[in-house]
Structure formats: C-alpha cells, structure tokens
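Student: Sequence order for the protein chains is Y and H. Take the first sequence: its letters are residues 1 to 173, numbered as in this note's numbering. Take the second sequence: its letters are residues 1 to 67, numbered as in this note's numbering.
Hints are computed from structural coordinates only; laboratory data are not their basis. Just so you know, nobody snuck in bad clues.
Partial selection, computed: residues in chain H whose CB lies under 8 Å from chain Y:
(1) L17
(2) F20
(3) L21
(4) L25
(5) G29
(6) A44
Quick list of in silico lysine to aspartate or glutamate cross-link-like pairs, DMTMM-like style, CA-CA up to 20 Å:
(7) Y:K5 / H:E4
(8) Y:K106 / Y:E144
(9) Y:K106 / Y:E154
(10) H:K30 / Y:E148
(11) Y:K82 / Y:E118
(12) Y:K106 / Y:E148
(13) Y:K67 / Y:E36
(14) H:K30 / Y:E154
(15) Y:K67 / Y:E140
Virtual Cβ for every residue (Gly too), placed ideally from N, Cα, C.
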Amino acid sequence: MNWEKVLGAAFVVASCTAMGYQVSRVYRLRPLQLSELARALRLLQAEIEYTATPLPVALSRVSEQIKPPVQGVFAAAAEKMKERDNGPKLAFTYGVQSNSSQSVLKNQDWSALLNLSETLGSTDILHQSREFQAALLHMESMREQATEAQRRYERLWQYLGILTGLFVVLLLY
Amino acid sequence: MTPEIRAVLQIAGIGFLVAFLHTALRQSGKEEFAHWMTLVGFVAVFMIVLGYVDRLYGEIQRVFLIQ
Chain Y
1 MNWEKVLGAA FVVASCTAMG YQVSRVYRLR PLQLSELARA LRLLQAEIEY
51 TATPLPVALS RVSEQIKPPV QGVFAAAAEK MKERDNGPKL AFTYGVQSNS
101 SQSVLKNQDW SALLNLSETL GSTDILHQSR EFQAALLHME SMREQATEAQ
151 RRYERLWQYL GILTGLFVVL LLY
Chain H
1 MTPEIRAVLQ IAGIGFLVAF LHTALRQSGK EEFAHWMTLV GFVAVFMIVL
51 GYVDRLYGEI QRVFLIQ
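Please put together the full structure from these sequences, using the hints given.
Tutor: Here you go:
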C-alpha cells in the first residue's frame, strides 16, 4: 500500500464528485429560483394593482422583499429606472443582462419577465393585470418542467460524477 | 497483490461500475447514452485484456517457437 497512490485516487474521486454535484446544483436551484421570480412578479402585481405605486419605487420595494439572485435583477432595474427616466423594458433588459449569470435561470425563464416589462406602465391596469396573469402562468409551467427535470437528472448527475471518478481511478490503478 | 489479481479486480470493478451507470442512466430516460456508456466500459476492459493477451502470445512464442 503506497500512500501517494491512495492520496491521488482520493483527489480524483473527490474532484469528479464535486463536478457532478456542481452540475446537479443547477437542477436543484432552478425550481427554487423560478418560484422566487414568480413571487416577485406577484408582489409587483400587488404594488401596481392595489397601491398604484410608481414603477421605480415599486421595483425597489419588491427587491427588498425577495431573495438573491432574483433580487439583484429587480434592484438593478429599479436603479436603472431612477436614473434619467429609462423605460421599464430597457431597465429590465439591463437588470437581467447584468445579473442573470449569478442565477441558474435560462433565457426562456427571463423572457416572460422581459415580455411583461414591455406593457408595464404604458397600458391601463386591466391590460397590465392580464399580462401579469399570462406571465405567472408561463412561470408556473416552467416551474413544473424544472421540477420534472430535477426529479430526473439531479440524482443522475451526482451518481455520474462519483462513478466517473471511480472509473478513472480503476483504469489508472 | 500480483498483477494478475489486480487485473481481475480492476475488470470486475469496471464491470460493476458500468452496470450501475447503465441502470442509473436508463432510469432517467437516457437509454442511448446508457448504451454508449456500456460500449465505453467494454472498450476499456478490452484494452486491458489486449495487453495481457499480447503478453501471453509473446510468452508462447518465446517458449515454443524459438527457431
């Protein structure tokens, strides 16, 4: 038994396991972040429908009540809207672009938010709440898909990491 | 551990891992990927065995066929 070999084998297995967990993390976090985004949309909807808050203030209020990484998008959009009267579409595009790399959400998840932002503030309240309903429905179906993907692939990637590590060790031993 | 025992354990281990991986992949609906994985395991074992068969033939030639 030579310890260098055992130590190297342990390193290989540990790093492959870590890689597997890193990939499975995406599948675990996506449903959580999607429901957080849906919650943010509901809060924004409440701000617009019941208290008729101006959009920049509403955005920063929403961003105080939700968790990162979705929080960053709303905070950045609020900042962008407060400076120089930018439109909501531009503000949200900026917010998503500067913060989406911190989350595991995909472009198609953000597109619901971006589509919604086109009608924010430029139409009457009935139209806006319809748009909110549509966006929330979209979020819900996305979340169902993400939960299904999690059920299928989260465990698989963990196994895949560990087994690949063991495989490499066996081949080299 | 002699090299022969080590090879047997190595091949058995690879077989075990590939069987497990195949089941895990098939359960999550990646049927074709599971088959590719099995093929990779087969090729790995084949490479190991090839080395030993090569040595065996070399030995046979050395013992019986020296002109």
